[in-house]
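**Student:** Residues per chain, in single letters:
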Amino acid sequence: MSEKVLMKGNEAIAEAAIRSGCRYYLGYPITPQTEVAAYMAKKMPKIGGVFMQAESEISAVNMVYGVAATGKRCMTSSSSPGISLKCEGLSYLAACDLPSVVVNVQRGGPGLGGIQPSQSDYFQATKGSGHGDFRMIVLAPSSVQEMADLTSLAFDLADKYRMTSMVLADGTIGQMMEPVELKDDMHETHYDKPWACTGTKMEREHNIINSLILKPEILEQLNLDRYEKYKVVEENEPRYEEFMMEDADICIVAFGIASRVSKSAIVEARKQGIKVGLIRPITLWPFPEEPIRIAADKVKSFISVELSMGQLIYDVKLASQCKKPVYLCSRVGGMITSPDYVLKKIIEVNNLGGASV
Amino acid sequence: MSTTKIIIAGFGGQGILFTGKLMTYQGLLDGKYVSWLPSYGPEVRGGTCNCSVIISDEPIGSPIIDNPDIVIAMNRPSLDKYEPRVAKGGKLFVESSLIDRKAERTDITVYYVPATEIANENGDNRLGNMVMHGKVLSVTDAISFDNVRQAIEKVISARHRDLLDINMKILAAGYSGGQAAASRFA
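As you go down the protein sequences, you meet chains R and P in turn. Note that the working numbering numbers the first sequence so that position 181 is 181, with each residue one more than the last. Note that the working numbering numbers the second sequence so that position 79 is 79, with each residue one more than the last.
Simulated from the structure, these hints should not be mistaken for laboratory data. Hints may contain errors.
[Stated by the list, open to error] Simulated coverage check for chain R against chain P, where a stretch passes if three residues somewhere in it have a Cβ under 8 Å from a Cβ of chain P:
1. 172-181
2. 333-340
[Claimed, not checked] In silico contact screen, one side only, chain R against chain P (beta carbon under 7 Å); selected entries:
3. Ile209
4. Arg260
5. Lys263
6. Ser264
C-beta: ideal position from N, C-alpha, C; glycine also.
Please model the entire structure based on the sequences and the hints provided.
**Tutor:** Shown next as structure tokens:
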């Protein structure tokens, strides 16, 4: 481990990607993630890598498609409106089982929206990132250190399962600075990629990367096979953190910046004698259902704290099988829940004592 | 166990984000947990600008601050916005060469510092932020003074390396309340 340095979250993503063996960055600037591109533009030429500012987000994601087809580690990043443009590409990447890393530093929407932080792309990231049946691994960092660590993990998981990993951050974590410790080499596991299009050298059959499958019986089988793979991911890869859950009556579920604000509110609420804890999903897909299912038998109620109009709350309700009431605490449009705001909701929910409203 | 929450606010170009980064690095050098969160957006030189800094003995939850222990208000809009939010018993630093009103709160300690004026007297009117920084260091234990030069070296960009000494000189002026004491910190 090297010394701790102060970095912006966006810079930590870029540096971690490079240290994880990414040598191809294809992007298009958009606030609040432009520092990722700026960092790559500065660093990549010095280490023999490629930085390409494409003419649009659509172009950038299709360049990722091209690089990924050769088995090289590659990445693109954007913020909410730009990710919407990339969704077609995400579907094609999934159809061809190509490993890639896509970063979304979310801002308020819909439409062009604003440039302040948001988490309102939760549905898009976890449920509908393009047409067709497919999934992405979605990782939600809540600190600058995790921006680095989860980016590195994103590359490993993408290679391991031959699928897209998305790092779903928000403007706050992207823009804030915190101390980070980075390993020199974060490229831990090297995966063989016999499927990659690297030239046959006349020694093997052609590898073909293609998403057009006109025979329905074949296309069905490909979908079934892919969902068998997703089942393995769902078994092996859910990640989460529990905070003060041992004796909790109220369970907050929150990720990213909302989870940090919630932690501050929880510490204050505990001073007032309210037993509240937090389950923080680190993977949003696969969603950590088990800890929430277990909590549902212990706590009186849940609060979903999110910077969206109630998106995460659906997964909390599903995972808890609606055994206990689930309340929503949210702000949107680039506004952020403050610790006081969450504390008020905790007190309100505590007074209800588990009653439904 | 202590946590100090600081908001620094003013016009873009006054070194608001720089001062915040400097404090953050000082905290890091002191072995504390730190966070730095800037306002970001379509702001330009002359627009409003602020940043939130937390220095703590414990891991930091929210980097967003409701009630700061320390506020540095470098212009009138910042004083108007943040004075009501200073925590009871907290400290408010007012750039009195640019702000034409007094603070209204009586449950906090208010320091009036003619930062731009002092910076000007000491050779660079752009460095009012460093005067303020020096003043803050002189009246709070949250950030140590000893590592400030080391921190400036970390934060200052390579092309402005020649400004290190003038930064230190003006910071020292703020620290000693406006009297030249640069020799002590050179």
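**Student:** Look at each hint and say if it fits the structure.
**Tutor:** Quick rundown of the hints versus the structure:
{"no.": "1", "hint": "172-181", "result": "holds (count 6)"}
{"no.": "2", "hint": "333-340", "result": "holds (count 4)"}
{"no.": "3", "hint": "Ile209", "result": "violated, 39 Å"}
{"no.": "4", "hint": "Arg260", "result": "holds, 5 Å"}
{"no.": "5", "hint": "Lys263", "result": "holds, 4 Å"}
{"no.": "6", "hint": "Ser264", "result": "holds, 3 Å"}
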